[in-house]
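**Q** Based on the provided sequences and hints, a complete structural model is requested.
Number of protein chains: 4
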Amino acid sequence: MAIRYLTAGESHGPALCGIIDGMPAGIKVCEEDFTTLMKKRQGGYGRGKRCQTEPEKVEVLSGIIGGKTTGSPISLLIRNADYANHKHYMHPFDEPSPEGEIPIPLPGHADFAGAIKYGLDNCRIIRERASARETAIRTALSVPARNMLHTKNVTSVCLIESIGGAEGKVNYSLPESEIKKMVDKNGDLFLTMDSEIINVWKSLIDEAKKNNNSLGGTGCVIFYGLPIGLGSHVQADKRLDSIIAAAVMSIPAIKGFEIGYAKALSEKRENSTDGIKFDSEKNVFSRTSNFAGGIEGGMTNGQPLVLRFHMKPLPANSRSESVNLKTLQPAFPEAYRSDVCAIQAACIVVESVVYLALANEITD
Amino acid sequence: MAIRYLTAGESHGPALCGIIDGMPAGIKVCEEDFTTLMKKRQGGYGRGKRCQTEPEKVEVLSGIIGGKTTGSPISLLIRNADYANHKHYMHPFDEPSPEGEIPIPLPGHADFAGAIKYGLDNCRIIRERASARETAIRTALSVPARNMLHTKNVTSVCLIESIGGAEGKVNYSLPESEIKKMVDKNGDLFLTMDSEIINVWKSLIDEAKKNNNSLGGTGCVIFYGLPIGLGSHVQADKRLDSIIAAAVMSIPAIKGFEIGYAKALSEKRENSTDGIKFDSEKNVFSRTSNFAGGIEGGMTNGQPLVLRFHMKPLPANSRSESVNLKTLQPAFPEAYRSDVCAIQAACIVVESVVYLALANEITD
Amino acid sequence: MAIRYLTAGESHGPALCGIIDGMPAGIKVCEEDFTTLMKKRQGGYGRGKRCQTEPEKVEVLSGIIGGKTTGSPISLLIRNADYANHKHYMHPFDEPSPEGEIPIPLPGHADFAGAIKYGLDNCRIIRERASARETAIRTALSVPARNMLHTKNVTSVCLIESIGGAEGKVNYSLPESEIKKMVDKNGDLFLTMDSEIINVWKSLIDEAKKNNNSLGGTGCVIFYGLPIGLGSHVQADKRLDSIIAAAVMSIPAIKGFEIGYAKALSEKRENSTDGIKFDSEKNVFSRTSNFAGGIEGGMTNGQPLVLRFHMKPLPANSRSESVNLKTLQPAFPEAYRSDVCAIQAACIVVESVVYLALANEITD
Amino acid sequence: MAIRYLTAGESHGPALCGIIDGMPAGIKVCEEDFTTLMKKRQGGYGRGKRCQTEPEKVEVLSGIIGGKTTGSPISLLIRNADYANHKHYMHPFDEPSPEGEIPIPLPGHADFAGAIKYGLDNCRIIRERASARETAIRTALSVPARNMLHTKNVTSVCLIESIGGAEGKVNYSLPESEIKKMVDKNGDLFLTMDSEIINVWKSLIDEAKKNNNSLGGTGCVIFYGLPIGLGSHVQADKRLDSIIAAAVMSIPAIKGFEIGYAKALSEKRENSTDGIKFDSEKNVFSRTSNFAGGIEGGMTNGQPLVLRFHMKPLPANSRSESVNLKTLQPAFPEAYRSDVCAIQAACIVVESVVYLALANEITD
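Chains as they are written, first to last, in the working numbering: chain A, 1378 to 1741; chain B, 1378 to 1741; chain C, 1378 to 1741; chain D, 1378 to 1741.
Worth flagging that the hints you see were computed from the coordinates, not collected in a lab.
Heads up, some of the hints might be wrong.
A pair counts as met if it fits within one copy or between any two copies, since identical chains are not told apart.
Said to hold, decoys possible - Below 25 Å or equal to it, Euclidean Cα-Cα: the simulated DSS-like pairs (lysine-lysine) are: (1) Lys1445 with Lys1654; (2) Lys1586 with Lys1529; (3) Lys1645 with Lys1426; (4) Lys1587 with Lys1654; (5) Lys1703 with Lys1445; (6) Lys1659 with Lys1579; (7) Lys1434 with Lys1464; (8) Lys1587 with Lys1434; (9) Lys1417 with Lys1562; (10) Lys1645 with Lys1546; (11) Lys1640 with Lys1546; (12) Lys1464 with Lys1586; (13) Lys1586 with Lys1645; (14) Lys1558 with Lys1586; (15) Lys1529 with Lys1417; (16) Lys1703 with Lys1654; (17) Lys1640 with Lys1579; (18) Lys1464 with Lys1445; (19) Lys1464 with Lys1405; (20) Lys1586 with Lys1640; (21) Lys1659 with Lys1703.
All of these numbers come straight from a predicted model, not from anything done at the bench.
**A** Right under this line is the structure:
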């Protein structure tokens, strides 16, 4: 049992809270690490109002003293500013005002399945916990894991490959530093290597917003500098591809996951494996390609670890018909203000949960 | 802690062994259930010699008495017939003969990463455990889970969508019974709804075999009759899509996973959610589509659960260059006899591990 | 995976924090439930100043809305009032002032083992987390579990059997209500059935305090109304005696654990089992005795569950010699103000962790 | 997730089976290691016929090749010779003959609680799994863990402290080698330091046997050479005393557990902590006593780890009244042939499960 964590918190409740147990002692963490990362998660073109208005201030309650992890559980607290506006039906003990009730499940959200599961005719408590707001605290929890891995020369870059079916150009054979430079250049609007796609994506999002629609997309995170042999082939649940898939697929709205270009690889009729070379002067092994996306036999193989994920359009503005669970009559859900496109935030969250998973492998 | 299992066994060792703990008592299991399923896993066009020669006889050591599970741990044993031919380097205690050594890692397999991880110049023990042969015992372990779910009217169908990039026609809007009928008709060669693709796939496999190449593909498993609310939105590792992704991605050679058509969904610019209807006469809810592939908010939503996976070509015949770990000189791995295409077996294994995951949700 | 929880927090850090995941929805919880229980844990004769000065105010951050659990993770926060006095070396980011350093490990505490484990010459961060203060948040986390079990007619009584070797009279064959009445009568000073022992214990504690010594003791918790069959015989880690032992032995200063009167039972030369009777009119089974303490084969057997534990004297006032880890010279640790006797608090904490364990069995 | 294991198998079923996952590679294991340990577990005065007749032959199915662990899961198989005599009601698939039914629960065994839990009027399948025979496979699983710890200079001695209330003399302050010598001298009959108690224990057992009674006792296991800092104070379930208590209390018939002399320590009125000294020449720390039994703050402290446990008399010969679950009429259970006293076997099993727990701490 190395690193494990739990998160808690409703989207409009008093706070988000997270505890991570098992982080090693002595990892340097400063307050800026949290503020910078939380700011990054708020960014990207097409985000909703809520994510801008929340201060996302992370309070460290334990486990970090004098700017260093202690080896004791780290607990983090993020107050929800918006709780003030929802207190009358989100208070722990006060009788909730009916005003907060959500009798009409929003298709695409957890509302319907959750209400049936719990036998409710009010989707409020389901939606509050199912909300992607939870990923804010998971992101914050990744900070010590990120710092630990950085000290081991593990770095990463994340970017958007496509939005609403419009693909940006990528070239992962370029050196990491160059990819980073290109991505950062466009980062305020979109994390992308392709400056030309930006206006396409902007107009797609503007149009979707106009139509009360939203857009999904495909994102990619690449990890550099991982040691060979993280994960294991000896038991199904120790395979790194399985562990990372679980982490990524636990993020709301992500419906698909690939190591490298899995679909393309599944279609190859020519050689599809990565040759092994040894450089006797540098005394290092290298590979002739990276079809495997950095994982062979459930273990890192020393190549860049390439993860790709497919995110559905957020349901927040769903115009699908629904049913009022109190009257069982047809009804349309209240469309609520939310992100038109959250793929950029998703990139940061995917990167975060994978850092947490990798930290666990390294300390395991 | 509901259902958990461990498997053990090397590909050419004495036996494969599995223990599953937490299966409820009273589930009917007969010997045929094992033989039928193991036979299914051996089938499909393009399999290698090994999988035909192994008897795959499953011995029940515990947990099932008089044709019913007892609630005690179920342990299963599958002897490897081929052990007889490898005993001189696979015996638990006897000094291994050097004949068994594998100094040249096979690109695409666990050989290289495993050898480096353990500091070996012989890939034998890595490949023995990393081999997909392990999935035989996981398949056997799924029998009681399958039977339990069948008594709850959960059924499934699995089929191949494409091989080597050649797509077979599918139509998942047809009733389950019809899909099953179509798939069974072609099942000896390929599990597919499309009779016309069969010859295409046959010739692709024949050609690949001729060229010492192998082929991957895309498979799909659909589960019918699942209750609403399996899995949960309350904690990341309880989301059913995360749990199932972990199970599927733990199968060797599977590099990608989708709930429904994730990639297509990520590209949608129109409404992408499934409307909710209520039939007051039948007193049931229904949905207007199944873009979500049966999961919303990490929970089953009462729709068919549609899982798709992308499998890479098996590396067994890899012609990529490699390195002799003893001499560190360039070398070519011994290509070994294996499946040219194992996508059909993968469908059965995916179905098996998901039955295990679903059984756990139902008993949890 | 039913109920699981993590706690975090240093004794003099900003706060204690706990998250419990898996509690069912719909359990009634009111603010008083927390205040009453936390007050009980602070009570008992011979406690130190700290435990009286901490307000022990529990803030619910999530998982409880309108006085009912939601099924989502419950997170609780207890601010440490005393943090104000230790901020200069306990702040998450500020450089710690040397004033906070503890170079001399206190024998009996985690100081020495922890310092060596982490390679420190300052025991501060070890003692901060190892402190029994952590049990305050575990106690708070037990509130929903307690309420859930009470609705299932599970109740409990806890009491002190002996302090410093002086045994109070007990009679567990009396009806629960009577035991409760007797124990409550003396509860402000000592939870005991024996009014005559009170003055003996008082004077023992007064004397220990005078000598800067402290006292341990033996406590007992009895659970009534548990259904038959909690826990399981099928796997070692599912046996309820094992699960409860782990919970109780995880409490600082508790060194021994018994189901019923284990030591006495181990010495019996006559019949040592509990006869089984069936009352055909009431249609219930009963037992002729309770040597087993309520557990047979790792499962509850319908009898009162009797747990006993042995607590060592707290080391806080330890007068044992030690070593200064910076100079490696002999030195005496700073004795610090703490409880002279904490057996009464331990009874509440033991009761709490066992409620958590039992809740897990019932929901599992 | 370091070391974890599952066991399976009924007492009179085809076999016992165990899988252990997470053992490091390269640990030397030979066939004799298994035979010697299994023989030890069968020994001691007062054992029943069954334990002498079972060959207890351990077959290694995987995870050990050429006398070394491979890092892959180790699976072990022990066939039950006695299965031949019980096949007609223990076969996995054949209809069980009524002959095997056990309608009258044996007080003290799992029969009653298990039958009620599962709604049975036949205790057969409960007793088959609840039987202490399961500990044979747990003992076998400990072999690689034992060998790994021995290479790290961790050793142990186990002995009986008392049987049926008759205490043997012990002196744990003697050097390990001397304790071992004394214990081995008497080992065929009883593992004890006290030659004079042997005849007392013999006659107690002979008399118990004559009266169809059985005897419990107290055992002790001491581990030497453990590094400082195994276990942790940071989270409740990481405390070594909690982990070890869970392991020991999971063994059938063990009802009490102590680290060191917990009860005696709880009664101390004088200093009860172990002074710390530093020897600047040898550059080592030492302690002035071992009241803590080797654990402070949930971690090993470099002192011998002293574990004591209290075992109840086995119920096999129970003469307590019971009820026929089919007729609900009063009835007496069939007393069955079993051990009169199994405390010596318990010592070996306790030692085994603690080796497994310690191995996990060292690899974690």
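**Q** Against each hint, give a clear statement of whether it holds in the structure.
**A** Going down the list of hints, with the structure as the test:
Taking the shortest Cα distances, lysine 1445 and lysine 1654 never come within 25 Å of each other, neither inside one copy (40 Å) nor across copies (30 Å). Taking the shortest alpha-carbon separations for lysine 1586 and lysine 1529, neither the intra-copy value of 43 Å nor the inter-copy value of 44 Å comes in at or below 25 Å. In this homomeric assembly, lysine 1645 and lysine 1426 come within 25 Å of each other (Cα to Cα) only across copies, at 23 Å, whereas the closest approach inside a single copy is 44 Å. When the C-alpha separation of lysine 1587 and lysine 1654 is checked against a cutoff of 25 Å, the pair qualifies neither within a copy, at 54 Å, nor between copies, at 27 Å.
Taking identical chains as interchangeable, the C-alpha atoms of lysine 1703 and lysine 1445 lie at most 25 Å apart only when they sit on different chains, with a minimum of 21 Å there against 52 Å within one chain. In this assembly of identical chains, the alpha carbons of lysine 1659 and lysine 1579 never lie at most 25 Å apart, being 46 Å within a copy and 46 Å across copies at closest. In the homo-oligomer, the alpha carbons of lysine 1434 and lysine 1464 lie at most 25 Å apart both inside one protomer (19 Å) and across protomers (20 Å), since each shortest distance falls under that limit. In this homomeric assembly, lysine 1587 and lysine 1434 never come within 25 Å of each other (Cα to Cα): the closest approach is 32 Å inside a single copy and 48 Å across copies.
For the homomeric pair lysine 1417 and lysine 1562, the shortest alpha-carbon distance inside one copy (14 Å) is at most 25 Å, but the shortest distance between copies (54 Å) is not. When the C-alpha separation of lysine 1645 and lysine 1546 is checked against a cutoff of 25 Å, the pair qualifies both within a copy, at 21 Å, and between copies, at 19 Å. Both within a single protomer and between protomers do lysine 1640 and lysine 1546 lie at most 25 Å apart by alpha-carbon distance, with minima of 18 Å and 17 Å respectively. Neither within a single protomer nor between protomers do lysine 1464 and lysine 1586 lie at most 25 Å apart by alpha-carbon distance, with minima of 29 Å and 48 Å respectively.
Within a single copy, lysine 1586 and lysine 1645 get their C-alpha atoms only as close as 39 Å, which misses the 25 Å cut-off; across copies the closest is 14 Å, which meets it. In this homomeric assembly, lysine 1558 and lysine 1586 never come within 25 Å of each other (Cα to Cα): the closest approach is 30 Å inside a single copy and 45 Å across copies. With identical chains, the CA atoms of lysine 1529 and lysine 1417 are at most 25 Å apart within one copy only, with a shortest distance of 23 Å there and 47 Å across copies. For a Cα distance limit of 25 Å, the shortest separation of lysine 1703 from lysine 1654 across copies, 14 Å, qualifies, whereas the shortest one inside one copy, 66 Å, does not.
With identical chains, the CA atoms of lysine 1640 and lysine 1579 are at most 25 Å apart between copies only, with a shortest distance of 21 Å across copies and 28 Å within one. Only between protomers do lysine 1464 and lysine 1445 lie at most 25 Å apart by alpha-carbon distance; the minimum there is 15 Å, versus 36 Å within a single protomer. Taking the shortest alpha-carbon separations for lysine 1464 and lysine 1405, only the inter-copy value of 19 Å comes in at or below 25 Å, while the best intra-copy value is 37 Å. When the C-alpha separation of lysine 1586 and lysine 1640 is checked against a cutoff of 25 Å, the pair qualifies only between copies, where the shortest distance is 22 Å, while the shortest distance within a copy is 31 Å.
In the homo-oligomer, the alpha carbons of lysine 1659 and lysine 1703 lie at most 25 Å apart only across protomers (17 Å), although the nearest pairing inside one protomer, at 71 Å, exceeds that limit.
This entry does not satisfy hints 1, 2, 4, 6, 8, 12, 14, going by the numbered hints stated previously.
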